[in-house]
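K.L.:
With chain A's structure known, arrange chain B on it following the hints.
So the chains spell out like this:
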Amino acid sequence: MNRRVVAALVAKDIRLFFRNRLFGLVTVLGLVVYVGVYFGMPGSVDEDLEIGMYAPVVPPAFEEMQPDGVKLETVESEEALLLAITDGEYPAGMVLPADIMQKFDAGLKPEIDVYLWADSPAEVGEAVEFLVTELSYAQTGQPLSVQVLQEVLGPDMLDRQIPARDRMVPFFAVLILVAETFGMASLISEEVQRGTVTALLVTPVSVPGLFVGKGITGVCLAFVQVALYAVIIGGMESQPAIVLLTLLLGAVLVTGVGFFVAALGKDLMSVMAWGVVAMVVLSIPPVSVMFPGAVSGWAKVIPSYYLVDTLHQVAIFGAGWADVWRNLLILVAFDLGIALVGVATLWRKCR
Amino acid sequence: MSTDAIVAEGLAYWYGDLLAVDHISLTVGEGEILGFLGPNGAGKSTTVKMLTGQIKPKAGRAMVLGMDVARNIEKVQGEIGVCFEQPNLYEQMSGEENLKLFARLFGLRDFNPDTLLRRVGLGGRGDDRVDGYSKGMKQRLMVARSIVNRPRVLFLDEPTAGLDPTSAEAIRGIILEERARGASVLLTTHDMMEVDKLSDRVAFINQGRIVALDTPHNLKQQYGKRAIKAKVANQDGGLEDREIILDSRETPDAVRDLFATERVVTIHSEEATLEDIFIKFTGRGLD
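Here the protein sequences come in this chain order: A and B. Following the numbering used here from start to finish, the first sequence increments by one per residue and tops out at 351. Following the numbering used here from start to finish, the second sequence increments by one per residue and tops out at 1287.
Isolated chain A (complex conformation) (with noise of 0.2 Å):
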């Protein structure tokens, strides 16, 4: 086969592809997708430690000095510092007392409170100490001028942190309930495609009766996986009731996806286009997990969050029904109505 041949074909497969609507949508709205999560990723590398801070009475010395590598940001109270830091804002926050200067002028030393979110690294407490200690250091001119009270946001995770593999977690569980969104898709498009739901659907199978025989499948084969690999991992060491419910709703919601896409799919090669995107979307959360403050809050309107929020919770911190059952409960309502635009899509099709 010589190059002109080759290059004709390839031409005509191209100009074939750009003549199907579909594919041509696909592709535009892969890149927007991909443009957008790229953008919404952070920018630089940001190497600074962004610091919280309640000070009433700011000293000079904390205003005017900015060490290299630490950012301190300026909040309006206490418990706005708080929230922030349990929201995943600072890492870490300091709370300076209003009499901090007259303490200082007094030759006394001032408490100055430190707070941690849980799943900090211990180098960032230390860090703050240090900072705190330097920085009063400077006020006063005097060494040990202060005295640092160091208190964890959440539970105390400052003894233990968390492997990279355990942050994964929730990533690995994604992709494999993800996957198995393709596979629901390709099924039902096939189905479509080739006429066999036709053939069955004059038979006493209702549409009703064939959307709970997918949706059985569905569920069943992206739970079973997930669950083995939970198990295999000793993800059911914690909670193991949460994290099969947990599981269980992902499942759900994944074959709920896995209607919509065969919907919107044609053939096996569109599918997997409107997979890709669907599983790039769904998978952006648990990033969040891996590589903490790399994604913004607005991940929170994706559903998967609260799966991953959930197994997070419960694997790393032990998190009980209390602390998850409004994730639960959101991912409950989620799973209903992608379930539910699932199957309206599908069953327009299949008419």
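Everything labelled a hint here was simulated from the structure, so no lab data went into it. Quick caveat: nothing in here was measured; it's all calculated off a predicted structure. Ideal Cβ placement from N, Cα and C applies to all residues, glycine included. Treat the hints with care, as some may be off.
[To be verified] Selected chain B positions facing chain A (Cβ under 8 Å, derived; list incomplete): (1) Q1054; (2) V1082; (3) F1084.
P.N.:
Same frame as chain A, but now just chain B:
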């Protein structure tokens, strides 16, 4: 009590502004084969979809075995068999698995696919995957699948289209066997000859309306033109065509004159075909 297996009463369906089926009425008796003929887009498929419960009529009523299809869809679908024009089999499964699947869907126990496979000429090929079947084999498996549940009503859409003569004849044989068993058959096809061979009655549909419905014989009698066709030698030694219409007052004289004044080389009678009648009704052929 009605003995009609299929009753369409003023059935209508439209897609947006397009009226696909325009209030048609027809019946198919028990053990009867009704040939359902029409050009592409005439409304055949939409009518069958309404009768088999795939879509609900926008107007009128579809009755099968005395049951309103829209209201008793699962009961009706348990009693019918449908064979589609395009093969829609599970190609990654074997022929036997395909039949067993549908037998299970119909709730049949102790179903033996071998008998059915042999009946359609696929004996010994039941274990082979369908994607390795030829078109004719797939079509025969489609027919077999449509009779898995020994249906009382069969809807067959172009069951012999594109098949070799042997496969087509095998399928025609099965259709006649099903009728002999007592099944009613709605046979949708483009093939006028097939309809003529198999059907007890024929319905012509055009632009969503039934334009004629009767036995093939009656239709030919009523609307056809019988004629004598002859080839005669002219003075230059060439051949010329002559046609004498039968069943008219002038026919005897015309036949006499033909033999008295012309040198007849060949002569034969010609009957009207269903296609001629269809063209007469619709102004166009089936294709």
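K.L.:
Hint compliance check: list the failing hint numbers for this structure, sorted ascending.
P.N.:
none
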